[in-house]
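Peer 1: Fit chain B to the known structure of chain A by using the hints.
2 protein chains.
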Amino acid sequence: MKTIELTREMQKYSDSSRSKGKKIAFVPTMGYFHEGHIELMRQAKKMADCVVVSIYVNPTQFGPKEDLSRYPRDFDRDSERAKEVGVDVIFYPSNKEMYPEGYQTYVNVEDVTKNLCGLSRPGHFCGVTTVCAKLFNIVKPHIAVFGKKDYQQYVTIKRMVADLNMDLEIIGLPTVREADGLAMSSRNVYLKENERPSALTLIDSLRLAQKLYDQGERKASTIISQVEKFISQSPYTDIDYVKICDPETMRDIEKIRDSALIALAVKVAQTRLIDNHAFGELI
Amino acid sequence: MKTIELTREMQKYSDSSRSKGKKIAFVPTMGYFHEGHIELMRQAKKMADCVVVSIYVNPTQFGPKEDLSRYPRDFDRDSERAKEVGVDVIFYPSNKEMYPEGYQTYVNVEDVTKNLCGLSRPGHFCGVTTVCAKLFNIVKPHIAVFGKKDYQQYVTIKRMVADLNMDLEIIGLPTVREADGLAMSSRNVYLKENERPSALTLIDSLRLAQKLYDQGERKASTIISQVEKFISQSPYTDIDYVKICDPETMRDIEKIRDSALIALAVKVAQTRLIDNHAFGELI
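Protein chains in written order, with this note's numbering: chain A, 1 to 283; chain B, 1 to 283.
Chain A with its partners taken away, still in its complex shape (with noise of 0.2 Å):
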């Protein structure tokens, strides 16, 4: 396994193996890999002849009062993990390779980033389409994988994939879950243990959320309401938002027709979780 810090030698690398018809898998994180990350590895070696998994906690993402100078970080433990699965290259670039002097420019996907957490922080996805422009600028890969435990950020993903014609496949794939059912998630490790049971009100308020439409219940605020209500009881936990939305284009939905997503943020003590389920499918 090599390890790439700069982007004109990942850009070379990946030229060298695109010209001898390889295909070339992309799963771009920022570190401190969870079993969630390394199910993306696998799945993206079964679908291409070279995996690629870049490795950059991206600055413009965070806003000014988030996590980023605490966000965990252990590098040789996730290089030795990756090497496990078999992954080809780690690209780990530096932030003065990423965001040189006097750069200027960003991506913006503009409506599908409008509710959920695109409310509650501003810029974190101009942030996050920006590093990914850039990467797969990078990478230059055939696919690239995303988990759907950052729902929003998949669809946006692939709106500005659609959007700016990039000639790549971006690939979602199922949330990977603890055994208590906590969905994976490298800001997990900021919880305290007597902060868990609270954490788990996330899953179980999106399987009562499923049992209500099982017993017929379609109104989206009805859900929502018993949602908040489950959630509020625990301690520690501080609802960002409950929102049940059109899975594509992410707005709010009043009555359940079609498919439909229940999407959540809360906040447990001081460590935000996300996590959301389609209607209908199993949890």
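These are calculated hints, taken from the structure and not from any lab test.
Predicted model only: the values in this text are computed from it and were never measured.
Careful, some of the hints might be misleading.
For chains that are exact copies, the list does not tell them apart, and a pair is met inside one copy or across any two.
Simulated crosslink set (BS3-like; lysine-lysine; CA at most 25 Å straight-line) [to be verified]:
#	residue 1	residue 2
1	LYS158	LYS96
2	LYS114	LYS12
3	LYS12	LYS22
4	LYS12	LYS23
Peer 2: Okay, now just chain B, sitting in the frame of chain A:
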């Protein structure tokens, strides 16, 4: 010469050319070719194995009160002229192909677009960078060629390409002029015969600025006020801006030390014209 209307087909053509080791040069245009366009194609032909020219009057770079609907078009004539120069492909997409329903992604270069035309044409450069990002992803060129008549556009595109790690080279070529010195522009057809002398105040005022520079003048405000005075003396002229700026950052300069650009935009009757000159170069 081939004409391609679909993005997917264009991408396939370029993939195939690239896989044969061919170097692709790209000339993005809004059509209605003049000698400036033709010269870009000729130079592109010298630098590559395959020349792709796009003809697309991009609606997102026109303001609501600008000349989108009356912008001159003549595909058949353009096609003939491109064929004569040896262009390999004309990419000629529809609006529906470029901006299908639900389109919502924009690329913005922040700093270099703030001054000059960015002041008088809000949103213009965002439209330019967005369509160029799209076209670069569709045509997949090794090099793209732009005229320096639109100097700020050239600098903006260069900046976008560097910032977003697009793997292509942007080449700027000198302004091509009519025999009387007027910078070639598709918009020159709007000029009536009696407005022509006023249109020539642009090039004449640039020559005046160079003369003042040659006489030792380095204070931008002095040169600017003389240029403004000169242009204002002609009928039909309405100055949008006269600026002396750094040719990389596009920021105003007070005192000329190293390289500096004088750029101007003047409305002559109904026609908005622009021109520019780098101090020290021949004019």
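Peer 1: Okay, which hints does this one fail, numbers in order?
Peer 2: Violated hint: only 2; rest satisfied.
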